[in-house]
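There are 2 protein chains.
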Amino acid sequence: MSHTEPVKVEVGLGDRAYDILIGPGLLSSAGTEIADRLPGTRAAIVTDENVAAAHLETLKAGLEKGGIQAAVITLRAGEKTKSFAHLEEVVDSVLAAKLERRDVVIALGGGVIGDLAGFAAGIVRRGMNFVQVPTSLLAQVDSSVGGKTGINSARGKNLVGVFNQPKLVLADTGVLDTLPIREFRAGYAELAKYGLIDRPGFFAWLEENWQKVFAGGQERTEAIADACRAKADVVARDEFETGDRALLNLGHTFGHALEAATNYDGARLVHGEGVAIGMALAHRFSARLNLASPDDAERVEAHLRAVGLPWRMADISGELPDAEALLGFITQDKKVSRGALTFILTRGVGQAFIAKDVPPSEVLSFLKACHPDGSR
Amino acid sequence: MSHTEPVKVEVGLGDRAYDILIGPGLLSSAGTEIADRLPGTRAAIVTDENVAAAHLETLKAGLEKGGIQAAVITLRAGEKTKSFAHLEEVVDSVLAAKLERRDVVIALGGGVIGDLAGFAAGIVRRGMNFVQVPTSLLAQVDSSVGGKTGINSARGKNLVGVFNQPKLVLADTGVLDTLPIREFRAGYAELAKYGLIDRPGFFAWLEENWQKVFAGGQERTEAIADACRAKADVVARDEFETGDRALLNLGHTFGHALEAATNYDGARLVHGEGVAIGMALAHRFSARLNLASPDDAERVEAHLRAVGLPWRMADISGELPDAEALLGFITQDKKVSRGALTFILTRGVGQAFIAKDVPPSEVLSFLKACHPDGSR
Ligand SMILES: NC(=O)c1ccc[n+]([C@@H]2O[C@H](COP(=O)([O-])OP(=O)(O)OC[C@H]3O[C@@H](n4cnc5c(N)ncnc54)[C@H](O)[C@@H]3O)[C@@H](O)[C@H]2O)c1
Ligand SMILES: NC(=O)c1ccc[n+]([C@@H]2O[C@H](COP(=O)([O-])OP(=O)(O)OC[C@H]3O[C@@H](n4cnc5c(N)ncnc54)[C@H](O)[C@@H]3O)[C@@H](O)[C@H]2O)c1
Ligand SMILES: [Zn+2]
Ligand SMILES: [Zn+2]
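If you read the protein sequences in the order shown, they are chains A and B. If you use full-length UniProt numbering, the first sequence corresponds to residues 1 to 376, in order. If you use full-length UniProt numbering, the second sequence corresponds to residues 1 to 376, in order.
If you're looking for bench data, these hints aren't it; they were derived computationally from the structure. Where a beta carbon is used, it is the ideal one built from N, C-alpha and C, also for glycine. One should not assume that every hint holds.
[Said to hold, decoys possible] Mimicking PhoX-like on lysine-lysine, the simulated pairs with C-alpha atoms at most 25 Å apart in a straight line are:
id : chain 1 : residue 1 : chain 2 : residue 2
1  : A       : 368       : A       : 356
2  : A       : 98        : B       : 80
3  : B       : 356       : B       : 368
4  : B       : 356       : A       : 98
5  : A       : 356       : B       : 98
6  : B       : 356       : A       : 80
[Stated by the list, open to error] Per the computed footprint, the stretches of chain A lying under chain B, defined by three or more beta-carbons under 8 Å from a beta-carbon of chain B, are:
id : stretch
7  : 120–129
8  : 158–165
Chain A extracted, bound-state conformation (with noise of 0.2 Å):
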């Protein structure tokens, strides 16, 4: 374990601000870190399995270094525990240990951990605190940045929340050394996203060096570190979500449509793996559009299959439903407004931009260009 200073990168939201620390070995100081934003609290680990089995001690052992004892919470791994059943049960057990509002609820885990903890804590007596230690590449550069939690409905994603923001982040660049190699690559799309919305250095540097980055080292540190000063930029200027921030959408409303469409079936499509090829899609549709040059849209193609992710809607296993169908997951999308469909669109790599009229048929037809048919 290296004993560097972690990166510091805070997220500049008034009363609000917080602090995310990037570096190795972080678990180990958890405790004296929560306790000297948090005197004197008490705390409760929401965690799923695989990340329990991995990384569960280390984290207790460093929270009783600060003093911290904490209730433990371990749920089944994957996207179907962002529901309604599972935020009861997490509320409850919440309440069950006792913790007041100024205790704090633990994010362990990837994005679906920390989305849903941050909600409970969000709910909770109307609000406690809340820490996120996120342990995917996904949950590091993204989902634990920003204050967005919530669960799935039946009728889309991330259609029910609250904006929580933690007291703080603390990203253990080590723990993804445990983290399968295919759901590193699906934290790494949106990584490369940063590079895509606004930019376009970063998103070179990755394609000179994302073997370093997945190595780990000083690299993977710097990235993750880039990332989350990207969010937080985007985080600070708009933090509710009512202008830029749907940038960081890039590639969500094609991706969460797919993740629909498997039915949220992790063994066929990933949430990043779906944003990558969401990615892919938008820049394909805005060349298409006649917005970007198809060179950006080969590019970003490229550099997607390089890393080893899927980049077309042919990359999924098994059956898609139709082009019709799949528009339909993207009306029912929240970034519908009156009729008209926003999407995230670009004039290049590093150009995104939000759009706010495009007509579904554009879509459609886009769609049914690119859908694989019966043709695999």
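Since the structure of chain A is provided, determine the placement of chain B with the ligands on it from the hints.
Structure of chain B with the ligands alone, referenced to chain A:
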């Protein structure tokens, strides 16, 4: 239906400020009042069966005058509706109506509907617009104002929820004419509470004029407006209950324990009745602790008795759990802080204060002293 202008009370919460309109006939002007503030909105009305039977058509017609179409979600009446299961049902129905963040959820009902619908509005798409149309006296003077929303948990009342300020409160004083007298009295307990907290003049006025408030007319509107002003003042000072707002819990620690002890069975005890008994107990307990004169406790008991409210545990039908069990309900209540109990106590009528250091042993011996035991 009167054509006098409604009384307006402003809740001063910066960018979350809103109006409370109070007066007869407001359901009929709901459409214009809402459309003025939320142009182009669509709506979902959440209501219960009793209120729907008496007032839904009037509200729908009123909304249509403002060009507002509304989906309707009708639930069973009663405290048990404030549950996770019904929260999920409301959330699903609002999503099924394809409403967006800038559309509005309208709560048409008493505190149960207001708390549940306000919570649902706060979490669908991480927060939609929300309007309160309170139809019980309790909801008009208390629950519809101030943004506390939530549901009950098996572990206690109102333990789960969010702060979610409405965009508007329409308190139609005419709808109270269909309210069962028992419910009217229960709401009256919360009305009198503001006098007992810090408005001794208001309490004295009520001792003189309570019959006119029950009868309707201008005194009723004035009393409700005074109560809303009192609550709005407290809420503007302390929106998130980190201090003074706790004064509004006068009578509620005992009251909630009694509600829990009667299993939230409205046939035995409704919320405002619990608060009435709780307020009498808070005064009696303060006298026992030599904080207030027994004459003040007697005065409070006498007024509650005069209006026909229960004022002691013996007024609850059926068996009650013993004093230890009642204390157990209190320590699980949310106003617990690191072992010491927080109570709202008083130095006399209109002189309530927050006591953070009440020893559980004092509460227990007091509960034993006033427990009806097997004596009834
Ligand atoms: N709130 C936001 O702003 C936001 C942003 C992006 C994504 N999300 C949400 O995040 C979720 C996806 O996050 P995710 O990809 O982290 O999913 P996840 O939480 O399901 O984690 C992926 C898998 O990796 C396992 N895992 C996590 N860390 C591990 C580790 N260190 N070692 C071994 N196994 C580990 C988990 O058990 C799980 O099986 C989605 O629900 C998505 O909607 C939220
Ligand atoms: N959010 C807050 O700040 C706050 C404050 C105080 C109380 N509360 C909550 O409010 C609830 C109690 O409110 P309540 O007493 O209004 O209960 P309620 O909503 O159950 O209404 C009481 C009864 O009156 C009926 N009713 C309501 N309006 C009517 C009308 N105009 N005509 C005929 N029948 C009518 C209802 O159907 C119900 O049967 C509790 O759950 C309590 O926790 C919340
Ligand atoms: Zn994502
Ligand atoms: Zn009350």
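(message) Check the structure against each numbered hint from earlier and tell me which ones fail, lowest number first.
(response) 6
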